[in-house]
Amino acid sequence: MFFTHRFEATSLREYDIRGIVGKTLSTDDAFAIGRTFGSVVRRSGGKTLVVGYDGRLSSPLLEEALVRGAVACGLDVVRVGRGPTPMLYYGSVILKADGAVMVTGSHNPPDHNGFKITLAGKPFFGAQIRELGDLSAKGDVVPEEKGTVRDVDIREEYVERLVKDYVGGPRKLKVVWDNGNSSAGEVLEMLVKKLPGEHIVLNAKIDGTFPVHHPDPTVVKNLEQLIATVRANKADLGIAFDGDADRIGVVDNTGGILWGDQLLILLARDVLKAHSGATIIADVKASQVLFDEVASAGGKPLMWRTGHSLIKSKMAETGSPLAGEMSGHIFFADKWYGFDDALYAGVRVLDIVARMDEPLSVFREFLPKTTSTPEVRFECDDHRKFKVMEEVAARLRKQGADISEIDGVRVNTPDGWWLLRASNTQAVLVARAEGRTEACLERLKEAVVKQLELSALPRPDFSGNSSGH
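Residues in the sequence shown are numbered from 1 upward in steps of one, following the numbering used here.
In case anyone wonders, no lab produced these hints; they're calculated from the structure.
Don't be surprised by glycine CBs; every beta carbon is placed ideally from N, CA and C.
Warning: the hint list may mix true and false statements.
[Unchecked claim] Calculated lysine-lysine pairs in the DSS-like style (CA-CA distance at most 30 angstroms, straight line): (1) Lys273 - Lys122; (2) Lys234 - Lys174; (3) Lys300 - Lys164; (4) Lys335 - Lys398; (5) Lys122 - Lys234; (6) Lys445 - Lys385; (7) Lys273 - Lys174; (8) Lys234 - Lys194; (9) Lys174 - Lys193; (10) Lys221 - Lys174; (11) Lys445 - Lys122; (12) Lys369 - Lys445; (13) Lys194 - Lys205; (14) Lys335 - Lys314; (15) Lys164 - Lys194; (16) Lys273 - Lys300; (17) Lys193 - Lys335; (18) Lys164 - Lys335; (19) Lys385 - Lys335; (20) Lys164 - Lys174; (21) Lys193 - Lys234; (22) Lys146 - Lys122; (23) Lys194 - Lys172; (24) Lys205 - Lys234; (25) Lys221 - Lys385; (26) Lys234 - Lys300; (27) Lys273 - Lys47; (28) Lys387 - Lys23; (29) Lys273 - Lys205; (30) Lys172 - Lys300; (31) Lys300 - Lys335; (32) Lys450 - Lys387; (33) Lys47 - Lys138; (34) Lys138 - Lys122; (35) Lys122 - Lys96.
[Said to hold, decoys possible] Here are the computed distance ranges between Cβ atoms for each label pair: (36) Ala120 - Lys193: 33 to 39 angstroms; (37) Ile20 - Asp165: 17 to 23 angstroms; (38) Lys23 - Thr370: 26 to 32 angstroms; (39) Arg171 - Ser296: 24 to 30 angstroms; (40) Thr437 - Glu157: 37 to 43 angstroms.
My request is simple: use the sequences and hints to build the entire structure.
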């Protein structure tokens, strides 16, 4: 049967495929991804594709269409079913798959969905995704051939592997977990039964409408229930997930939030004990404190572009044992497989805290103090946002500013630094600033505002209610 399909241009993102279901993303798109990516796998000499899906209401239909497309390429498709994205990544490793596709909308609103893809164990992103769109539009696929489908339940094996690296210490922990109605619910309930200590699980039920709060642990209001429960139960810490559990949020025993860069400091100090001199990677949104602390712990800090695919590729290139993003993606190659996994990161955090002599709040309180905005995002049309970034960078270069253009623009000044970049997941620009003092921070925020006004954009909300990545 002749095949050709055009994707909505805005759905082909830098490191995944995403859209609004019924508007810019449909089952036809899912079939086309299966048919076209399946052809890419076959042409690379591959035969096996692993597929999983999250808890969104649209995910089962999209997964079914994706599988149909892949089977039409003659692939042997293994369905691992509903679960967190990292379980799909784990499945692709243990099943020695040639490709893997996760149907997930991650942290985006309930009516959004998308596809995260790997080829031969590596992220499939950037030019590869754009080429996928071109192949689909041209109908450039392998001849139709009937493949096979089988269901494999890997949940038990995945959970056993998660707990394997928990060594622990003398402290018996009380932990609150907020699943946030994410697709990790069933796996999380299995995990806590195998971990020592006392565990309280909130919002365990998988529910793609996210009835209690939105599953984005970078937004303070989404952590309010977790913080209140930690305080009420005098717990040692709390852990939260995003919608597909590849991002983590952590709060200490007082309910104080450990942001992504602070969490990475905690993990880096531990990992560097076994990997002295290793490269630790963080994205451009991370605090300067992180890069300084990694260096003082004997590591080599490396600033890189935001995006799970981009970070994973840089890890492989540099041999880094650990990387992280402000958004809560934490990547372990130390004892793990290099992919972002909030459940595994949670286990490693518990392992560290169980060995600590003092509460987790003491670690947070003793970090060098700066003052910063949260990650702030504000709407900007997909077609306009990259143009704005070009305008801002051109003006700053002309001024002779001290800037890094690894990802957007990060501007260093005597007051601290500020960042402006285009999101790869939504029609937004993302801003962040960190100052040595409150007065420094106010000047940095005004510098951001000035650049936006010069590009005819409104003043952003720095309150934290629009945080994201």
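Going down the list of hints, with the structure as the test:
no.	hint	result
1	Lys273 - Lys122	28 angstroms, holds
2	Lys234 - Lys174	8 angstroms, holds
3	Lys300 - Lys164	28 angstroms, holds
4	Lys335 - Lys398	46 angstroms, violated
5	Lys122 - Lys234	42 angstroms, violated
6	Lys445 - Lys385	19 angstroms, holds
7	Lys273 - Lys174	26 angstroms, holds
8	Lys234 - Lys194	22 angstroms, holds
9	Lys174 - Lys193	13 angstroms, holds
10	Lys221 - Lys174	23 angstroms, holds
11	Lys445 - Lys122	38 angstroms, violated
12	Lys369 - Lys445	18 angstroms, holds
13	Lys194 - Lys205	19 angstroms, holds
14	Lys335 - Lys314	18 angstroms, holds
15	Lys164 - Lys194	10 angstroms, holds
16	Lys273 - Lys300	13 angstroms, holds
17	Lys193 - Lys335	22 angstroms, holds
18	Lys164 - Lys335	10 angstroms, holds
19	Lys385 - Lys335	39 angstroms, violated
20	Lys164 - Lys174	20 angstroms, holds
21	Lys193 - Lys234	20 angstroms, holds
22	Lys146 - Lys122	26 angstroms, holds
23	Lys194 - Lys172	14 angstroms, holds
24	Lys205 - Lys234	24 angstroms, holds
25	Lys221 - Lys385	27 angstroms, holds
26	Lys234 - Lys300	37 angstroms, violated
27	Lys273 - Lys47	41 angstroms, violated
28	Lys387 - Lys23	25 angstroms, holds
29	Lys273 - Lys205	38 angstroms, violated
30	Lys172 - Lys300	33 angstroms, violated
31	Lys300 - Lys335	19 angstroms, holds
32	Lys450 - Lys387	16 angstroms, holds
33	Lys47 - Lys138	23 angstroms, holds
34	Lys138 - Lys122	25 angstroms, holds
35	Lys122 - Lys96	12 angstroms, holds
36	Ala120 - Lys193: 33 to 39 angstroms	35 angstroms, holds
37	Ile20 - Asp165: 17 to 23 angstroms	38 angstroms, violated
38	Lys23 - Thr370: 26 to 32 angstroms	41 angstroms, violated
39	Arg171 - Ser296: 24 to 30 angstroms	26 angstroms, holds
40	Thr437 - Glu157: 37 to 43 angstroms	51 angstroms, violated
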